[in-house]
Structure formats: C-alpha cells, structure tokens
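J.: Chains as they are written, first to last, in the working numbering: chain A, 1 to 628; chain B, 629 to 787.
Derived by calculation from the structure, the hints in this document are not laboratory data.
One thing to keep in mind: the hints can contain errors.
What the hints assert, rightly or not - With a straight-line cut-off of 30 Å between C-alpha atoms, the simulated DSSO-like cross-links for lysine-lysine are: (1) A:K147 with A:K365; (2) B:K770 with A:K598; (3) A:K419 with A:K449; (4) B:K771 with A:K598; (5) A:K599 with B:K723; (6) A:K144 with A:K599; (7) A:K487 with B:K723; (8) A:K487 with A:K526.
Stated by the list, open to error - Not close to chain A: a few residues of chain B, all C-beta gaps over 12 Å, as computed: (9) P658; (10) T728; (11) R759.
Predicted model only: the values in this text are computed from it and were never measured.
Each residue gets a CB set at the ideal place from its N, CA and C atoms; glycine is no exception.
Chain residues, written in single-letter form:
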Amino acid sequence: MKIKTPSDLEKLRDHGQSMLFPQGPRVSVGMATCGLAAGAGAVFDAFRQAADNLRFDLTLVATGCIGYCQEEPIVDVRMPGLGRVLYARMTPEGAGRLIRSLASGELPHENALASVPEEGPDIPKSAEVLSGLLTINTLPFYAKQHKIILRNSGLIDPRSIEEYAVRGGYHSLRLALLHLSPQDVIDEITRSGLRGRGGGGFPTGEKWQVCSHAAGAEKTIICNADEGDPGAYMDRTVLESDPYTVIEGMTIGGYAIGASHGYVYVRNEYPLAIERIHHAIETSRESGLLGEDILGSDFSFSIEVIRGAGAFVCGEETALIASIEGGLGEPRPRPPYPAVNGLWGKPTIINNVKTWASVAAIVEKGAEWYAGIGIEGNTGTAVFSLVGKIANTGLVEIPLGLSLDEMIQGIGGGGLDGKRVKAVQTGGPSGGCIPADLFHLPIDYESLKQAGSIMGSGGMVVMDEDTCMVDVARYFLNFTMEESCGKCTPCREGTRYMYTILTRIIEGEATPEDLALLEEIAMWVKGASLCGLGQTAPNPVLSTLRYFRDDYDAHVSEKRCPAGVCRALIRLIIEPEQCTGCGLCLRECPVDAVRGEKKAPHSIDADLCTRCRTCYDICPEGAVEIVR
Amino acid sequence: MPLIAQPVHPGAGAVLARLHAIHSEQGYLPETDLRAAADELAVPLSQLYSAAAFYPAFSFQPRGRHTIQVCLGTACYIRDSDRLLEKIETSLGVKQGETTEDGMFTIETVHCLGACSMSPVIRVDEDTYGRLRVDRVTRILKKYRPGEPGEKGPEEQGI
Numbered sequence: 001m002k003i004k005t006p007s008d009l010e011k012l013r014d015h016g017q018s019m020l021f022p023q024g025p026r027v028s029v030g031m032a033t034c035g036l037a038a039g040a041g042a043v044f045d046a047f048r049q050a051a052d053n054l055r056f057d058l059t060l061v062a063t064g065c066i067g068y069c070q071e072e073p074i075v076d077v078r079m080p081g082l083g084r085v086l087y088a089r090m091t092p093e094g095a096g097r098l099i100r101s102l103a104s105g106e107l108p109h110e111n112a113l114a115s116v117p118e119e120g121p122d123i124p125k126s127a128e129v130l131s132g133l134l135t136i137n138t139l140p141f142y143a144k145q146h147k148i149i150l151r152n153s154g155l156i157d158p159r160s161i162e163e164y165a166v167r168g169g170y171h172s173l174r175l176a177l178l179h180l181s182p183q184d185v186i187d188e189i190t191r192s193g194l195r196g197r198g199g200g201g202f203p204t205g206e207k208w209q210v211c212s213h214a215a216g217a218e219k220t221i222i223c224n225a226d227e228g229d230p231g232a233y234m235d236r237t238v239l240e241s242d243p244y245t246v247i248e249g250m251t252i253g254g255y256a257i258g259a260s261h262g263y264v265y266v267r268n269e270y271p272l273a274i275e276r277i278h279h280a281i282e283t284s285r286e287s288g289l290l291g292e293d294i295l296g297s298d299f300s301f302s303i304e305v306i307r308g309a310g311a312f313v314c315g316e317e318t319a320l321i322a323s324i325e326g327g328l329g330e331p332r333p334r335p336p337y338p339a340v341n342g343l344w345g346k347p348t349i350i351n352n353v354k355t356w357a358s359v360a361a362i363v364e365k366g367a368e369w370y371a372g373i374g375i376e377g378n379t380g381t382a383v384f385s386l387v388g389k390i391a392n393t394g395l396v397e398i399p400l401g402l403s404l405d406e407m408i409q410g411i412g413g414g415g416l417d418g419k420r421v422k423a424v425q426t427g428g429p430s431g432g433c434i435p436a437d438l439f440h441l442p443i444d445y446e447s448l449k450q451a452g453s454i455m456g457s458g459g460m461v462v463m464d465e466d467t468c469m470v471d472v473a474r475y476f477l478n479f480t481m482e483e484s485c486g487k488c489t490p491c492r493e494g495t496r497y498m499y500t501i502l503t504r505i506i507e508g509e510a511t512p513e514d515l516a517l518l519e520e521i522a523m524w525v526k527g528a529s530l531c532g533l534g535q536t537a538p539n540p541v542l543s544t545l546r547y548f549r550d551d552y553d554a555h556v557s558e559k560r561c562p563a564g565v566c567r568a569l570i571r572l573i574i575e576p577e578q579c580t581g582c583g584l585c586l587r588e589c590p591v592d593a594v595r596g597e598k599k600a601p602h603s604i605d606a607d608l609c610t611r612c613r614t615c616y617d618i619c620p621e622g623a624v625e626i627v628r
Numbered sequence: 629m630p631l632i633a634q635p636v637h638p639g640a641g642a643v644l645a646r647l648h649a650i651h652s653e654q655g656y657l658p659e660t661d662l663r664a665a666a667d668e669l670a671v672p673l674s675q676l677y678s679a680a681a682f683y684p685a686f687s688f689q690p691r692g693r694h695t696i697q698v699c700l701g702t703a704c705y706i707r708d709s710d711r712l713l714e715k716i717e718t719s720l721g722v723k724q725g726e727t728t729e730d731g732m733f734t735i736e737t738v739h740c741l742g743a744c745s746m747s748p749v750i751r752v753d754e755d756t757y758g759r760l761r762v763d764r765v766t767r768i769l770k771k772y773r774p775g776e777p778g779e780k781g782p783e784e785q786g787i
C-alpha cells in the first residue's frame with residue numbers, strides 16, 4: 001500500500017498490529033546468520049511440517065536475532081490467552097513436540113527459557129506463565145541490558161514494514177518531516193550526546209552540523225556497514241533483524257543535512273544482511289517511504305546498497321568513499337573530513353549502522369531522554385558482541401558506563417567451562433587486551449582508551465587462562481599486515497617487521513633485545529601511519545606488553561608458553577593409565593602421529609606431531625596432556 | 629573548460645557491482661569479461677584490473693565447484709579454527725587459496741564471517757556451520773561430494 005499521509009501510516013500500523021499480535025498462535029524462529037548456523041532453518045521447516053500434519057492454524061514467522069546467541073536456535077511462542085514464552089536450543093524433533101502441545105492448548109515446559117511480558121492484547125501481563133519460569137528481563141543475560149538499537153531485533157519479522165510500524169516505526173520520520181526543521185533535528189541529535197558508534201566516538205550532531213553548513217547543494221548520506229573487526233557482528237545483526245530502523249535513521253539524517261541520496265556499504269561476507277536491507281529498501285520505495293515527496297512533504301530521498309569486496313581497510317571512511325567511487329579502497333589523509341569533502345568531493349555524512357539505528361529513537365523520545373541514559377559524556381547505549389571463552393555468548397546492548405565486570409561476569413556469566421577469565425579484547429585489531437584486574441573500569445570511550453584499548457565498534461572477545469597473549473598479539477599483527485593497503489610505509493613495513501619479531505618470540509628464538517625493538521617499532525607505526533588502521537595496529541602489541549609482560553618473558557627467557565599454545569614450545573603426550581585405546585585420536589590426527597592397538601594405550605610420535613592439539617581437544621578421557 | 633582531460637567517473641558503486649556480477653556468473657574474473665566491462669563503464673582497463681586485484685573477494689583463476697571458507701576471526705581463532713583449517717587442508721590435500729585437482733573444492737580463509745557467537749565457524753557455499761569440532765569436518769565435506777551420504781547442512785538439522 002502507498003503511504004502518502006500520516007493517516008496512511010496509521011493504516012499501515014493497524015495492518016501490522018494484526019500480524020504482530022494475531023488472534024491465533026504466533027511462532028517466531030530466530031533466523032539471523034547465527035540462528036541459521038545453529039540449525040534454525042531445519043527447526044523452521046519442522047514447525048511448518050508439524051503444523052501442516054496436525055492442520056494446526058498458526059502464524060509462523062522468521063525473525064532476526066534476539067541476542068542470546070548461546071541459546072540458539074531460539075523460538076518465540078505467543079499463545080493468546082496463555083502467554084508468551086521463549087524456547088531455547090530448539091531441535092526439529094522438539095519443534096514437533098512443541099506444536100503438539102500448542103495444538104492441545106498448552107505451553108510446554110520443555111526447553112522453555114523465559115516468558116516475555118508484552119504490550120500486545122490477550123496476553124497475561126504479569127505472573128508466571130509457566131511455574132518457575134523467569135521473565136526475560138530477570139534473566140542475568142538480559143537484566144542489565146537496555147535496548148534501543150536492538151529494540152526490535154528478534155521481535156519483528158525483518159521483512160515486514162507493517163510490523164516495524166507497529167513498534168513505532170516511521171513515527172520519528174513523520175515528526176521530523178512534518179513538524180521539525182532540519183536544524184531542529186540536528187539540535188536534537190546534538191543535545192542527545194550521541195557519539196559515533198563505529199568506534200570513533202565523534203559527536204554525531206556536531207558532524208551533521210558541519211555538513212549542513214558546508215558549501216554545495218549536493219550532499220550524501222552513507223551508512224558504514226563494512227563491519228570488518230573480527231569478533232564483531234553487531235551491524236550484521238541490526239541489518240538482518242531490523243533493517244527499516246537504519247533506513248528511517250538515514251532518511252531523517254538526509255532531511256537534516258539536506259541530502260537526497262544515501263548508500264549502505266555492506267561487507268561482502270554478509271549475504272543475508274545484504275538481502276534483507278535490499279528488500280527493506282525496495283519495500284520502502286514501493287510504499288512511498290523512500291522516493292519523492294515523502295509523507296506529503298517536499299523532501300525526497302533514495303538509498304542504494306553497495307556490496308564491499310573483502311577489504312578490511314574500507315571500513316575507514318575515506319577508503320570506503322574511494323571504494324564507492326570505483327578506485328582502490330585506499331584511505332587519504334584527513335582533513336578535509338568527508339563532512340566537507342566526501343563522495344565525489346562533496347559534503348558527505350558517513351555514520352555506522354548502530355548510529356543510524358539510534359537516530360529514530362532519539363527523535364521520537366527526545367534528546368533529554370537519551371541523554372539521561374548512560375553517563376555524562378557517554379550517553380545512551382552501545383551494542384557489544386560478547387564472544388570467545390565466555391559462558392553466555394551473544395549480542396548485548398548496555399547503557400554506557402556499566403563496568404566490564406558487570407558485562408563479563410554478570411551478563412556473560414564468567415569464563416567458559418568455569419575457567420578463569422584472563423582478559424578481554426575490545427576494539428578489534430585497533431584495540432587492545434584489558435586484563436581481568438581492570439574489570440572495574442566502566443565501558444566508555446575514554447576509560448577504555450586510557451587502559452590502552454579502544455571501545456571500537458563493539459567486539460568483546462573474552463580470553464581465559466588457555467589463551468596465550470603473545471599468540472593473540474601475533475594473530476592481530478598478521479591481520480593488520482595482511483589488510484594494510486600498502487599505501488604508507490610505516491604501516492606496510494612496520495606491521496610486517498613486528499609480525500616477524502612476534503613469530504620469533506612464539507618460536508622460542510627471540511632475545512630480550514627483540515622485545516625492545518618490537519616496542520620501538522610499535523611506537524613509530526603508531527605515530528607515523530597515514531590512517532587509523534596503521535595508527536592503531538600496534539595497540540594489541542603495546543597493550544599485551546603492558547599487561548602481560550610475564551607471558552612475553554616466559555617465551556623469551558625460559559622458552560616456555562605458559563598457556564600451552566605455542567607449538568614450538570610444547571609437547572603432547574598420552575597418559576597410558578588414562579588412555580582406553582578408543583582410537584578416536586588415532587583416527588582424527590591430521591598427520592597420523594598417533595600409534596597404538598585398539599583397547600591398548602596409545603602414544604604420540606613426537607617427530608611427526610605438529611602439536612595441533614586435536615587429540616587433546618577430542619579425547620573423551622582427558623588422557624592427552626600438554627607438556628609446557 | 630579545463631584544458632587537461634578530467635577523469636571519467638563511473639556511477640557510485642558501479643565498478644564493484646560489475647566485478648561482483650562477473651564473478652558470480654563466471655566464478656572468477658576472466659580477462660575477456662574484464663575488457664568488455666572496462667569498455668562499457670568507460671574506465672581504463674588498468675583501473676578495473678587494479679581494483680579487482682586489490683579486493684580479496686575477486687579471483688583471476690577459476691575456482692572449485694564448492695568454496696569452503698574457514699573463519700579466522702578472533703573468536704574463532706581463540707577457539708582453534710586454525711585446527712579446522714589444518715584438518716580440511718590435510719583431508720583435501722590442498723592448501724588455503726588452492727583448488728582440489730578434481731575441481732570440487734576451493735579452500736579460503738576469511739577474517740570474520742560475523743557468526744562469532746557460534747565459533748568456530750566454517751561456511752561451505754551458502755551454508756554456515758557453527759560450534760564445530762575437528763571430528764565433524766570430514767562428515768560435513770562428504771555432503772558436498774555427489775553420491776556420498778554426509779552430515780546434513782545446518783538448515784536441515786538441529787545441532
């Protein structure tokens with residue numbers, strides 16, 4: 001349907017109401033990439049099959065990600081009159097059983113994770129839906145979260161503009177276009193204190209103001225969805241789960257600075273995100289919410305998707321712009337900043353997915369509301385991907401200022417398999433490793449920077465006692481060395497040299513002088529590189545040298561890897577008393593280094609063994625030992 | 629009018645879009661298609677070639693029928709995805725960046741597939757497999773060999 005007036009928007013909302021809150025049961029399966037990797041596709045099919053078999057009438061929907069990835073596949077079941085319950089770790093067989101229970105009029109206990117108190121009709125608002133079942137906002141994983149950017153993720157069908165409208169979608173666009181001047185919008189964003197969520201942390205309103213004043217009639221909006229930091233998937237999730245919120249934010253931004261065209265530059269590795277944002281743009285265009293004279297105003301705006309091609313450096317704004325222009329994705333020195341001199345030399349606002357996803361909420365609820373969340377100077381919320389050696393992995397949105405400890409121990413539930421957490425890596429290859437004894441620090445731009453890391457775009461990779469910090473530093477240097485575009489010498493040659501020294505260290509061939517040289521080169525690369533990639537590339541080395549010097553010294557002086565990771569410095573043996581001779585390691589050893597007869601203790605040929613630790617990982621008896 | 633010829637701009641994103649289109653159709657970037665695209669976009673072949681060479685997503689060599697991407701993102705790496713890579717390399721007898729002799733598989737590494745909560749992760753064509761252990765790799769690869777029963781794709785099973 002065409003949305004030309006505010007009353008059309010009301011109709012859209014009414015239509016969505018019946019989809020989001022149908023009279024019959026609604027089963028939503030989380031089908032973002034993480035859910036699919038956990039098997040959500042088969043679960044979805046099993047629900048359809050089971051419902052068809054029983055001729056059970058239900059609304060089956062593929063939603064995005066609700067954040068608790070650890071528990072995927074997650075299914076959200078809404079039964080009018082009974083309640084709404086999240087089911088975790090669903091299997092196709094479980095789906096069949098669940099449908100049979102629903103068909104007989106009850107919500108089962110099996111796999112129930114939490115109940116969801118909701119605003120829709122026909123659902124008991126309080127009380128226990130199932131005996132002993134917590135509500136979602138009292139689960140430790142969710143209790144301290146505050147969802148603004150992820151407010152719709154996992155709750156709506158990301159392909160449905162109607163469901164987006166029910167959740168307040170396009171209310172802000174209407175407000176902006178029909179009741180606020182472009183300057184009012186910029187002022188609102190400025191007063192909210194929103195800062196760039198891609199990691200730069202530059203005040204968004206200030207940037208918009210500069211662009212708005214810049215000379216030139218033709219201006220451009222860009223959404224940076226080239227989320228390259230390894231260990232981070234916030235932007236992918238937002239695009240896959242709630243693409244309309246990004247479109248609405250960009251459209252409001254276009255109105256504010258006077259741009260009529262926008263681009264979403266998405267990473268090549270995110271095919272599903274590309275498909276969903278494409279679909280949302282297409283639907284918006286068909287509805288008239290993108291295009292000419294939006295909602296009867298005289299403002300016109302269109303958006304195109306551009307697919308990246310695997311170059312990390314294109315996440316840097318000037319490189320991204322060069323990539324759109326068709327040249328090499330290489331950065332150029334700033335200033336001039338894109339707000340003044342961007343795409344084709346014209347004023348351009350480039351913001352991260354999460355920044356755009358925050359805009360509509362701020363316009364709707366007001367700058368004061370947003371500024372009241374978080375702490376002074378770091379207002380609002382940010383999304384983090386909590387991953388690595390942690391009990392609860394997932395996407396987490398918190399008010400800024402929450403401590404690392406509340407994040408890792410509270411929300412994350414501490415180390416994986418009860419192991420001691422050693423550090424958290426934030427900010428990707430530009431960031432650093434923060435040791436556990438600094439977990440009292442608040443999560444904000446300045447505190448993490450002071451600790452030698454950065455907040456970055458939101459990757460938080462947790463490391464435990466089995467993680468070797470020298471190996472981690474080398475991992476990141478390998479990354480930046482490969483991703484360095486090669487334009488400037490300090491980054492191109494410096495990262496290569498640091499990588500060489502780190503390799504000597506993990507192979508037990510380094511001297512104490514190497515450590516001094518490593519530190520010196522790091523300072524030069526930091527100071528002399530052209531763009532953010534090179535300037536921050538030494539951070540993983542400098543932060544681990546600062547906090548985990550013992551790890552380095554053990555490798556250099558004692559030729560020992562305390563975590564038991566570095567291959568040149570460890571040996572693997574099988575304890576004959578514990579080995580049952582099951583033959584699993586013999587079968588899985590990639591280099592056939594395991595010897596032994598069935599049901600008799602096995603042994604490892606040290607000459608053939610590459611210390612890959614496959615046997616150590618898979619031995620059901622724990623009979624393989626690492627000699628460090 | 630400037631006296632010196634000015635560079636011609638292709639449309640925004642046009643170069644990337646064209647390279648992606650050729651790549652998805654042909655599986656790589658053949659020279660003839662690159663030449664035709666340069667003419668059509670009115671950009672020098674050198675510019676198109678250097679862009680194609682700059683981006684890791686593009687290949688100048690034909691690739692295998694199936695592409696295996698092993699994720700080496702941070703979360704996958706510290707959960708030992710390098711061992712998955714080793715296992716895949718030894719079981720197929722080729723290294724990353726190479727294609728098996730029968731043309732069935734190309735092994736690639738990627739810096740992050742963005743499924744970090746499911747680490748370690750690999751992707752075969754469009755299927756993403758999460759929470760992997762070395763001993764599942766062989767069964768997964770079997771699925772992509774015609775006539776061999778193997779582990780089903782994640783879309784067909786609950787893990």
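J.: Checking one constraint from the list: CA of A:K487 to CA of B:K723, max 30 Å. Satisfied?
T.: Holds - the C-alpha atoms of B:K723 and A:K487 are around 29 Å apart, at most 30 Å.
J.: For B:R759, is the shortest CB-to-CB distance to chain A above 12 Å, so the non-interface label stands?
T.: The claim breaks: B:R759 does not keep its Cβ more than 12 Å from every Cβ of chain A (closest is about 7 Å).
J.: Just checking, B:T728 versus chain A, shortest CB gap more than 12 Å?
T.: holds, 16 Å
J.: Check the hint pairing B:K770 with A:K598 against an upper bound of 30 Å on the C-alpha distance.
T.: Holds, at roughly 26 Å.
J.: Is the Cα-Cα distance between A:K144 and A:K599 30 Å or less?
T.: Roughly 51 Å between the alpha carbons, so the hint for A:K144 and A:K599 is violated.
J.: Checking one constraint from the list: CA of A:K419 to CA of A:K449, max 30 Å. Satisfied?
T.: holds, 27 Å
J.: Does the alpha-carbon distance linking A:K599 and B:K723 stay inside the 30 Å limit?
T.: violated, 34 Å
J.: Is it true that the CA of A:K147 sits at most 30 Å from the CA of A:K365?
T.: The hint holds at about 14 Å.
J.: Take the C-alpha atoms of A:K487 and A:K526, compute the straight-line distance between them, and say whether it is at most 30 Å.
T.: holds, 15 Å
J.: Should the label of B:P658 as a non-interface residue stand, given a Cβ cut-off of 12 Å to chain A?
T.: holds, 17 Å
J.: Verify the proposed pairing of B:K771 with A:K598, using a straight-line Cα cut of 30 Å.
T.: Given that 30 Å is the threshold and the Cα spacing comes to 29 Å, the pair holds.
In summary, the structure is inconsistent with hints 5, 6, 11 from the numbered list given earlier, while agreeing with the others.
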